[in-house]
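**Student:** Sequence:
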Amino acid sequence: MNPFLEISFTSLMNEFLRRAEDNLIAFSGIFHHSEIADQQSLLKEVVSQSPIILWVIDEHGVFRLSEGMGLSALGLKPGETIGKSVFEIYADQPQALMGVRRSLSGIESREIVRVIDRYYDSWQRPLFSPEGKVRGVLGVATDVTQRILAQQETAEFEQRFRAAFHHSPAAITVTDLETGRFIDANDAYLKMIGLKREETIGKTTLELGLWKNPSERAPLIEKVLKGETMAASSHVLTDRQGRNLSVQWSASVIVLDGRKCMLSCMLDMTARAKATQRAELTRQQLRTLGRLAPVAIFRTNAQGEVRQANGRYRHLVGDNGQSNSLGCWIDRILPEDLPEVTRVWKHTVKHGQSCLLEFRMVDAQSRERWILLSTKPLFHRKSLRSFVGTLTDITSRKRAEAAMEQMNHALETRVAIRTQELRQVVEELEVRRSQWESLVRNAPDIILRIRTDRTIEFVNRTEFGWQPEDLIHKDSLFFVHPDDRDEVERVLYLVFTEGTPQTVQLRSRKKTGETLWYAVHIGPVYRANTIIAATAVLRDITQQKFYEEEAIRRRDELAHASRLSTIGEMAAMVAHELNQPLAAIANFVRGAVHRLQEPNFKVDEIIDGLEKANRQAQRAGEMIHGIRRFLRKRDSLQMPIHLPPLVHEAWGLAEIEASRYRIQLETEFAPALPLIIADDVQIVQVLLNLFLNGIDAMKSIPQPERKLIVRGRVENRQTVVCEVEDRGTGFSPKISETMFDAFITTKEEGLGLGLSVSRSIVKAHGGRLRSFPNHEKPGVTFQMILPIPADD
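Going by my numbering, the sequence shown opens with residue 1148, and the numbers climb by one from there.
In short, the hints are calculated from the structure, not lab data. Treat the hints with care, as some may be off.
As the list claims (entries may be wrong) - Simulated pairs of lysine-lysine, BS3-like, Cα-Cα distance not exceeding 27 Å:
| hint | residue 1 | residue 2 |
| --- | --- | --- |
| 1 | Lys1692 | Lys1910 |
| 2 | Lys1421 | Lys1493 |
| 3 | Lys1529 | Lys1493 |
| 4 | Lys1421 | Lys1407 |
| 5 | Lys1338 | Lys1231 |
| 6 | Lys1523 | Lys1545 |
| 7 | Lys1407 | Lys1343 |
| 8 | Lys1373 | Lys1343 |
Said to hold, decoys possible - Computed spacing ranges between beta-carbons, pair by pair:
| hint | residue 1 | residue 2 | range |
| --- | --- | --- | --- |
| 9 | Ile1401 | Ile1263 | 36 to 44 Å |
| 10 | Arg1344 | Ile1263 | 39 to 47 Å |
| 11 | Leu1743 | Ile1824 | 52 to 60 Å |
| 12 | Ile1824 | Glu1870 | 16 to 24 Å |
| 13 | Gln1240 | Arg1328 | 13 to 21 Å |
| 14 | Glu1636 | Val1573 | 37 to 45 Å |
| 15 | Ser1380 | Arg1328 | 53 to 61 Å |
| 16 | Phe1693 | Val1572 | 29 to 37 Å |
| 17 | Asp1617 | Arg1858 | 55 to 63 Å |
| 18 | Thr1876 | Ile1824 | 32 to 40 Å |
| 19 | Thr1814 | Thr1876 | 17 to 25 Å |
| 20 | Leu1757 | Lys1854 | 36 to 44 Å |
| 21 | Pro1791 | Lys1924 | 46 to 54 Å |
Glycine is no exception: its CB is placed at the ideal position from the N, C-alpha and C atoms.
Can you make the complete structure from the sequences, with help from the hints?
**Tutor:** And the structure:
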């Protein structure tokens, strides 16, 4: 006998008895015989009668033994696989080969494997040689397909039951019948009672306080224990917030893990109970409404015969309610309306339709009434069961409609007359509109309508080189000179925000590049007290600006000529005044020369004489510089400047004449006089003219009274007032009226331009120059008023 098989059979018998005890228990006493042949024969007999597979492979995986009734399930016969490789036969069953490979590596293993469509409890044990090397593998595989399929079916059933249990919309619980404690509860039940799972499992309904009446629980449990099935019994539970829950409760006994449990199913009928209560309340309200309704309500059968009616119907038709038959409303219809009403009502009953009809009838008090009939059919499973209708007294409405019809007729007549009047007004307005449109279109000025977003809505004509339609929807600033756009934007802001009309002068550039001057008046356009636009009227003042600039230029030339005339009149005095410092300079220099010719001269005396000569030279130079600055011809240049320095500069020029007649200057200036915007040379010219006039007026009065007073103050926070007051002889009334006219003078050598030029200078500065006699004193006061800048 093959030694390998001999060892294998001996080992196999021992392991088979140990591992396959359940299948071979009846043969446990057989293996006490020592004859191997008998053992092999007996083993083959046992294996062939048992649902197992006994197999042995060598270290190469080649079958040396393959026995057992379980082979037939795989389509094999005992011994059929001997000499074949297990890896080739079961190449497509990798799970079955995993245990084989572990055993060939010397590890015993046991697992459930699937071969084709069968399941086996497979045990593999390595066979070792005396040297400890793996010589093969002994394996026993028991067919457990039925058991595995049963387990799978049970698991699937449990999974389906668990899914149905937890996802059921009905509230379901499982409790222990003996203790009453919750084993499980689905989400619907937990949501219904308002508790969490961990708060519920392991506790009883009594511990959780879920029974409204706890005494009801014991009889129910007793019935379930007797095997009775509870079906849809109604009970009241309380949820976590203490709210009552109306439930229908069904229960039956089930066995889980060998213990009796109760499967309970509950339907929350709270909403349905409330709906039933609301329905009953609605029915009661409808009955009350029908009893108290101001209209007649009735119900008929399918043939249109009245079967039910409220009190208003009985009062209208005349039924006292004591008889079983109700009077029919059709019998009270006026003969004129009866045929049409009868025809419509029969058609309504025949075809089961709604009806809405007006007619006249006589009520129980024999009064003629207008009635509105409204009926609606009621069906049950598509079969006409009855009609519900109302009879509404619309007599008042009909009378009101008749009165309204008369009013409408009168109103239509008045509207027609008024429409004709309005048509005439519209025609007149159209004529006026055409006239105004012609006036606007042909106006010599440019007229614009500007929206609040500054775009142009309308323009009558243009002088910019564009057509009117080219300017529509364009920004109103695009044709304004860039230097004037900020001012125009400010003016538009004031018009649109404050609603105050504004006037401004601006420049515009034509398409050809030529610049035009316009005087623009802009005013707001209102609609319902809201500014919706602005109207701008542009008048071309280009020629006017040219003449104004020419007048300014000529005024400046005239002022310059006046200054020349003034200095010409003062020439003799200036020459005399200059002669004094020049003579002094000559004397000081001559004295210094004589001292230098002396043998013992003193340097200090010479230096002192030269310093005195230098001071006289500076005096003469300042005098000449002031006259040159006064006579210089230049364009008008206005700048911020204080008034007192101008007064002192003008007095410096007039002081030569004043000193000749011993006239003193007194100044009275208010503290912190604000700046004025002025051309300093021109203002000095005005002051000098006023000073010379005052000096001339005081030549003939006594010397102690010769005094010129200059005052400066602020008036109304808007202007600076400069007053020049003399103590002279004053003017005659005739001269007072014309003194500011050109070529009017009281001097023999004068040209009569001084005051005229002075007034034009002050006016060009935005101010005024005027005169008036002194109050209670001799002499005249000239008053020059100049504006204070807005930002001062």
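**Student:** Looking at the structure, which of the earlier hints fail to hold?
**Tutor:** Hints 2, 4, 5, 8, 13, 15, 16, 21 contradicted; others consistent.
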